[in-house]
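Fit chain to chain and form the complex, with the hints in mind.
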Amino acid sequence: MVFFFANYSLRAREDAEDITQDVFIKLWQNWHRIDHSKLNAWLMRVAHNAVVDHVRKFKKANEQVDDYAEPEDQAGEEYSGGDLDDRAFKQQLVESIKSLGDPFRSILVMRDIQGMSYTDIQESMDISDSQVGVYLHRGRRKLRENSKLRSLFEAMRNSETGDSQGEVVSIKQETRVKN
Amino acid sequence: MPTNTNESQCYLVQLQIDNFLDGELTPGQQDTFMSHVQRCSECAQEYRFARTMQDALIDMPLPDCHDAVLEPAHEIARGSLPTSEEAKDTPLKGFFDWLVSAPLAVRVGTPAFAVALLVVALLPLTPMSEPTQPQLANQPQNSVVTTPVDFEEYGPEDIARALLELNTAIDYLNRVNQRTESMIGGRFLVSPLRDQINAFLERAVLDPENPRENDPI
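Residue numbers (the numbering used here), protein chains in the order written: chain A, 937 to 1115; chain B, 125 to 341.
One chain only, chain B, in its complex shape (with noise of 0.2 Å):
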C-alpha cells in the first residue's frame, strides 16, 4: 500500500489506466488523469505498457479453420434439417407464405370461416333428439326407438325415457300373451268342450223319448 501522497496518487491513476482506456472515466476524471500521467514518469510508462499491450490484442489475428474441420458438423445438419429447396417444395409453406402477406382481414377471416365450415359440416353428426313414446302394439313393426348411440350421452332424461318405452313393451307383451293364450284355450280346450255338448245337445233333441240316457251330466 502506497505510504505517502504522491505513492497514493499513483496507486490510484493507475488503478485507473484500464476505465481510461475503455473510455469510463468522466470528464473530470480524464483531465486528472491525464494531468498526472503527463507529469509522473512512472505512470506514464505504465499507461504506455497498457496502451501498447491494448493495441496488440486488438490487432491480433482471427485466424480461420479449416472447412474440413466443420464438415462432420454440416453432415448432421444436412440430415436433422430440412435444405432450403426442401422447405420450398413444402405444400403449406405456400400457403402460410400468402397468408403472412395478406391484408388482416383476410389473415383473421380465413381461419374463422375454416372452422365455421367444420362446424357445418359436423352438424348432421350430432345426435338430434327423438319421440320419446314408441308406437304401441298396432304397429309393432313400425316402432320407432330411438336410442342415443354412443352410452355416454345417457343422462337422467334418457334413462326415464328408455325405461318408460320398456313398460310400455312390458305391457304390449303381456296382451299379445294374454291373447295368445286365449288363442290356444280356445283352440284346443274350449273348442273341443264346446263341441261335444253341441253334439250332446244335438243328440238330446233327436231321442226326446229318452232324455235321461243322453244326459251327458
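If we strip away everything but chain A, and leave its shape as in the complex, we get (with noise of 0.2 Å):
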C-alpha cells in the first residue's frame, strides 16, 4: 500500500523505495505509540509527508526545475492504434498524476488507483470528508486539462470508432472502485 502510494507520486522507483522502508522503519520504531485500529491512516499518513518532504528536498536541490515530474514530451511520437495507444495514454496519465501538485495527486493516487475509503483518505491526510471530494475532483479536472493527455484520448478514440462525432452515448451511472 504504502509502496504502491509513493510510486504513483514520485518519478523514480528507487526514491518510492526508499520511502517505504523509512516507513517502515518508523512503524516498528514508534510501534507501541501508534493505535493500532488506525494502522492504515497512520502508514498512509507518514507516507504521505514522506513523499512532500522527498518533493521538495528535489526542488530545493534543482531549483530551475518548475514541477518535480514534468510530463515526458511525446509530441514526435506517431501513435497508431490498439494496444500501443492504450499503453501511450496509461503511461501519460501517470506521468500527468506525478507532475499534479499536492495533495490533488495524492488524494487521486489513494482514491483512484488504490480504492481507499473517504474516511480513510480523511485521516491519513488529516482533512475533512468534504475537502477530499473537493480535492478528488479538482485533481480529475486538472487531469482533463492536459493537452497532451487529451490528444492520446483523441487518437485512441479515433483508432477505435473511426468517427468521435454523433456517436450515441450509453451511459449509466456506476460507480467502479478498486477491488
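Everything labelled a hint here was simulated from the structure, so no lab data went into it.
Computed from a prediction, not measured in an experiment: that's the story for all the values here.
Each hint should be verified, as a subset may be incorrect.
Unchecked claim - Now the stretches of chain A that chain B is said to cover, found in silico as 3 or more residues with beta-carbon under 8 Å: (1) 940 to 947; (2) 954 to 964; (3) 1046 to 1054; (4) 1079 to 1092.
Backbone N, C-alpha and C fix where the C-beta goes; we use that ideal spot for every residue, glycine too.
Here's what the structure looks like:
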C-alpha cells in the first residue's frame, strides 16, 4: 500500500523504495505509541509526509525545475491504434498524475488507484470529508486539462471508432472502485 | 463563463461529470445529466474522456517492492518487538489467557481474593497499641515501654504518653538517687559517727568515777 502510493507519487522507483523503507522503519520504531486500530491511516499519513518532504528536497536541489515530475514530451511520437494507444495513454496518465501538485496527486492516488475510502483518506491527510471530495474532483479536472493526455485520448478514440462525433453515448451511473 | 443557456447547461453538466462517476447524483439529477449528454456531443466527448481516464486509473497495476527493501525494518522489528514464540513463553501470558477465558465470577473473584490475601499477610506488620503506663521501680528490668518504631507515626497522644513515661522514669531515678545517697551517707558518715558515740558511751559506763574526762563534748 505504501509502495503503491510512493510509486505513483514519485518519479523514480528507487525513491519510492526508499520512502517505503523509511516508513516501515518509523513504524517499528514507534510501534508502542501508535493506535493500532488506525494503522492504515498512520502508514498513509507518514508516507504522504515523506513524499512531500522528498519532493521539497528535490525542488530545493534543482531550483530550475518547475515541477518535480515533468511529463515526458511525447509530441514527436506517432501513435497507431490498439494496445499501443492504450499503453501510451496510461503512461501519459501516470506522468500527468506525478506532475500534479499536492494534495490533488495524493488524494487521486489514494482514491482512484488504491481504492481507499473517503474515511481512510480523511484520517491519512487529516482533512475533512468534504475536502477530500473537493480535492479529488479538482485533481481529476486538472488531469482532463492536460493537453497531451487529451490528444492521446483523441487518437485512441479515432483508432477505435473512426468517428468521434455523433455517436450515441450509452451511459449509466455506476461507481467503479478498485477491489 | 458561459454566455448562453446551452453553454451554461454544458458548463453545469461538465461540472457534474465526477459526481456522476462517483454515484453522488440523485435520480433526478442523473436523468438530467444523461439526457443532456446523449444530446450534446461536446459533453458526451468530455464524459467519455473522464470515464476512460477513471477506468484507466482503476485498472492501474499495483506493483510490489522487493523484500530486500523492507529488510532493515524487519531487523528493527525483530530486535524491539517480542516474537510470537517469546510471547508464548511468558509465564504470565498463560495465566492471563486463562483469566480472560474464565467466567465473570472467576475474573472478578481472583483479583479480590489476591487483595484479601495480601491484606491478611500484611496485618501482623501493622503497629499495635500497647499499655501506656510502664512498670515502676520495683521491676525496672521488666518494664515494657512500647513506643512507635516509625517516627512518622507519632501523634499527639503518643507524645503525651511518652512524656508521662519519661516523668515516671525521672521520679524513679530520683528515688533511686535518694536511696543511694542515704546508703552512701549511712555508710560513710552516719555509721562512723554512731560508732564513735557508742564507743564513748561504753567508755563512760566503764569509768563511772570520772565522767567529765570521757565527755566527748
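Here is what the structure says about each hint:
| no. | hint | result |
| --- | --- | --- |
| 1 | 940 to 947 | holds (count 3) |
| 2 | 954 to 964 | holds (count 6) |
| 3 | 1046 to 1054 | holds (count 4) |
| 4 | 1079 to 1092 | holds (count 6) |
When each numbered hint is compared with the structure, no violation occurs for any of them.
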